Amino acid sequence: MGIVVDLDVMMAKRKMSLNELSEKVGVTLSNLSILKNGKAKAVRFSTLVAICKALECQPGDILKYVE
Numbered sequence: 001m002g003i004v005v006d007l008d009v010m011m012a013k014r015k016m017s018l019n020e021l022s023e024k025v026g027v028t029l030s031n032l033s034i035l036k037n038g039k040a041k042a043v044r045f046s047t048l049v050a051i052c053k054a055l056e057c058q059p060g061d062i063l064k065y066v067e
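Residue numbers (the working numbering): 1 to 67.
Please note that a few of the clues may not be correct.
What the hints assert, rightly or not - DEER-style ranges, computed between Cβ atoms:
hint : residue 1 : residue 2 : range
1    : E67       : G26       : 30 to 36 angstroms
2    : D8        : A42       : 16 to 22 angstroms
3    : S17       : E67       : 31 to 37 angstroms
4    : E20       : Y65       : 23 to 29 angstroms
5    : V49       : V9        : 18 to 24 angstroms
6    : S46       : N19       : 18 to 24 angstroms
Stated by the list, open to error - Distance condition first, Cα-Cα at most 20 angstroms in a straight line; then the derived SDA-like pairs of lysine to any residue:
hint : residue 1 : residue 2
7    : K36       : P59
8    : K24       : A12
9    : K41       : V4
10   : K39       : L18
11   : K64       : F45
12   : K24       : F45
13   : K15       : V5
14   : K53       : S17
15   : K13       : L48
16   : K36       : S17
17   : K53       : A42
18   : K15       : C57
19   : K36       : Y65
Simulated from the structure, these hints should not be mistaken for lab results. As the structure is a computational prediction, the values presented were derived from the model and not from experiment. Don't be surprised by glycine CBs; every beta carbon is placed ideally from N, CA and C.
Turn these sequences into a full structure, and let the hints guide you.
Below is the structure:
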């Protein structure tokens, strides 16, 4: 299967909407939606850092490897 993005799970834990995260991270809603829905082919480290900072989490909290 590959890399699974659990961004929606962490957003729910932090009670943060996609709109709010988009504003805090500086990434468009459409790009965050693509990432959240697991359709992204890549993610920049700078974006990952910004998401982790906004959600107060570690990369492993939103990304996991599944065989």
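Quick rundown of the hints versus the structure:
Taking 30 to 36 angstroms as the suggested C-beta distance range, the pair E67 and G26 conforms, at roughly 34 angstroms. Restraint check, D8 to A42: a C-beta distance of roughly 19 angstroms satisfies the suggested window 16 to 22 angstroms. Checked against the given bound of 31 to 37 angstroms, the beta carbons of S17 and E67, roughly 32 angstroms apart, stay inside it. A hinted range of 23 to 29 angstroms holds for the C-beta pair E20 and Y65, which are about 28 angstroms apart.
In this structure the supplied range 18 to 24 angstroms holds for V49 paired with V9, their Cβ-Cβ distance being about 19 angstroms. Restraint check, S46 to N19: a C-beta distance of roughly 21 angstroms satisfies the suggested window 18 to 24 angstroms. As the CA atoms of K36 and P59 are separated by approximately 14 angstroms, the hinted pair is consistent with the 20 angstroms bound. Proposed proximity of K24 and A12 is supported: the alpha carbons are some 16 angstroms apart, at most 20 angstroms.
Restraint check for K41 and V4: satisfied, since their Cα atoms lie roughly 11 angstroms apart, inside the 20 angstroms limit. Between K39 and L18, the direct Cα distance comes to roughly 16 angstroms. Compliance with the 20 angstroms bound is thereby established for this hinted pair. Proposed proximity of K64 and F45 is supported: the alpha carbons are some 15 angstroms apart, at most 20 angstroms. Taking the CA atoms of K24 and F45, the gap is about 16 angstroms. The hint holds against a cut of 20 angstroms.
Taking the CA atoms of K15 and V5, the gap is about 17 angstroms. The hint holds against a cut of 20 angstroms. Distance hint between K53 and S17 is fulfilled; the C-alpha atoms sit about 15 angstroms from each other, no more than 20 angstroms. Annotation: proposed proximity of K13 to L48 holds, straight-line Cα distance about 18 angstroms (limit 20 angstroms). With a C-alpha separation of about 12 angstroms, the suggested pairing of K36 with S17 holds against the 20 angstroms cut-off.
A hinted pair counts as satisfied when its Cα atoms are at most 20 angstroms apart, and K53 with A42 qualifies at roughly 19 angstroms. Restraint check: the Cα-Cα separation between K15 and C57 comes to about 13 angstroms, which is no more than 20 angstroms; the hinted pair holds. Note on K36 and Y65: the hinted pairing holds, with a Cα-Cα distance of about 15 angstroms set against a maximum of 20 angstroms.
Hint compliance for this structure: every hint is met.
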